[in-house]
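Novice: Using the sequences and the hints, build the whole thing.
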Amino acid sequence: RKEVEQDPGPFNVPEGATVAFNCTYSNSASQSFFWYRQDCRKEPKLLMSVYSSGNEDGRFTAQLNRASQYISLLIRDSKLSDSATYLCVVNPRYNFNKFYFGSGTKLNVKP
Amino acid sequence: GAGVSQSPSNKVTEKGKDVELRCDPISGHTALYWYRQSLGQGLEFLIYFQGNSAPDKSGLPSDRFSAERTGGSVSTLTIQRTQQEDSAVYLCASSPGTGLSANTEAFFGQGTRLTVV
Chain S
-6 RKEVEQDPGP FNVPEGATVA FNCTYSNSAS QSFFWYRQDC RKEPKLLMSV
44 YSSGNEDGRF TAQLNRASQY ISLLIRDSKL SDSATYLCVV NPRYNFNKFY
94 FGSGTKLNVK P
Chain A
19 GAGVSQSPSN KVTEKGKDVE LRCDPISGHT ALYWYRQSLG QGLEFLIYFQ
69 GNSAPDKSGL PSDRFSAERT GGSVSTLTIQ RTQQEDSAVY LCASSPGTGL
119 SANTEAFFGQ GTRLTVV
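Chains as they are written, first to last, in our numbering: chain S, -6 to 104; chain A, 19 to 135.
Just so you know, not all the hints are guaranteed correct.
[As the list claims (entries may be wrong)] Only pairs whose alpha carbons sit at most 30 Å apart, straight line, appear in this in silico DSSO-like list of lysine-lysine:
| id | chain 1 | residue 1 | chain 2 | residue 2 |
| --- | --- | --- | --- | --- |
| 1 | A | 75 | A | 29 |
| 2 | A | 75 | A | 33 |
| 3 | A | 35 | S | 99 |
| 4 | A | 35 | A | 75 |
| 5 | A | 29 | S | 35 |
| 6 | S | 72 | S | 99 |
| 7 | S | 103 | A | 75 |
| 8 | S | 38 | S | -5 |
| 9 | A | 75 | S | 38 |
| 10 | S | 72 | S | 38 |
| 11 | S | 103 | S | 38 |
| 12 | S | -5 | S | 35 |
| 13 | S | 35 | A | 35 |
| 14 | S | 35 | A | 75 |
| 15 | S | -5 | S | 99 |
| 16 | S | 72 | S | 103 |
| 17 | S | 38 | S | 99 |
| 18 | S | 72 | S | 35 |
| 19 | S | 99 | S | 35 |
| 20 | A | 29 | S | 38 |
| 21 | A | 29 | S | 99 |
| 22 | S | 103 | S | 35 |
Because the hints were derived from the structure by calculation, they are not lab data.
Specialist: So this is what it looks like as structure tokens:
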């Protein structure tokens, strides 16, 4: 079983829509969680960390559900510029700083 | 420099030749990672260096792949006798030190696009 699993999508949504992605992780002892964004033919860049209490950054909200072992990313009021692949990343407690990446969820925001 | 630097940015090589890819991590970062990304695919973990500890090589796909990290800084990924299936973008990342409370992120270089013809 993969450490991190994501729906590859693509998610095709109109501008202004709200869209949510989930990501599941296999190791219950995982410690740190992140969402990265990767634009086409570019390197991944940190979008936001995911904290236990949930956190929000503008139009983006990340949540962690430890009981069900998933994290989510909610994007409100989608912009064309949000089109990218969103990577779920987990840092397990048993192997500090070895990041496990999901395969990514592709988002296409249409005019 | 301010970020992770990788060279070359692009490399075209003939099947059977050896290639070396270089990564300069962010100064002071003790953790360094190599990932591989094939077209349209996710990131495949290759190898992880943490300080002076033995590297985690569990992701290297074959014994044609090896990596070194000299002086805890620069790293070189070497692919011997390249095959066409080695064609991919090779991404290097670094992050600050470990810690039980660390919630550190990984910073990526722009990658080396390797094409084996």
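Novice: Would you mind marking each hint as holding or not holding in the structure?
Specialist: Cross-check of the supplied hints:
no., hint, verdict
1, A:75 - A:29, "23 Å, holds"
2, A:75 - A:33, "24 Å, holds"
3, A:35 - S:99, "35 Å, violated"
4, A:35 - A:75, "22 Å, holds"
5, A:29 - S:35, "16 Å, holds"
6, S:72 - S:99, "14 Å, holds"
7, S:103 - A:75, "42 Å, violated"
8, S:38 - S:-5, "22 Å, holds"
9, A:75 - S:38, "24 Å, holds"
10, S:72 - S:38, "18 Å, holds"
11, S:103 - S:38, "22 Å, holds"
12, S:-5 - S:35, "24 Å, holds"
13, S:35 - A:35, "26 Å, holds"
14, S:35 - A:75, "25 Å, holds"
15, S:-5 - S:99, "19 Å, holds"
16, S:72 - S:103, "8 Å, holds"
17, S:38 - S:99, "15 Å, holds"
18, S:72 - S:35, "19 Å, holds"
19, S:99 - S:35, "14 Å, holds"
20, A:29 - S:38, "23 Å, holds"
21, A:29 - S:99, "27 Å, holds"
22, S:103 - S:35, "21 Å, holds"
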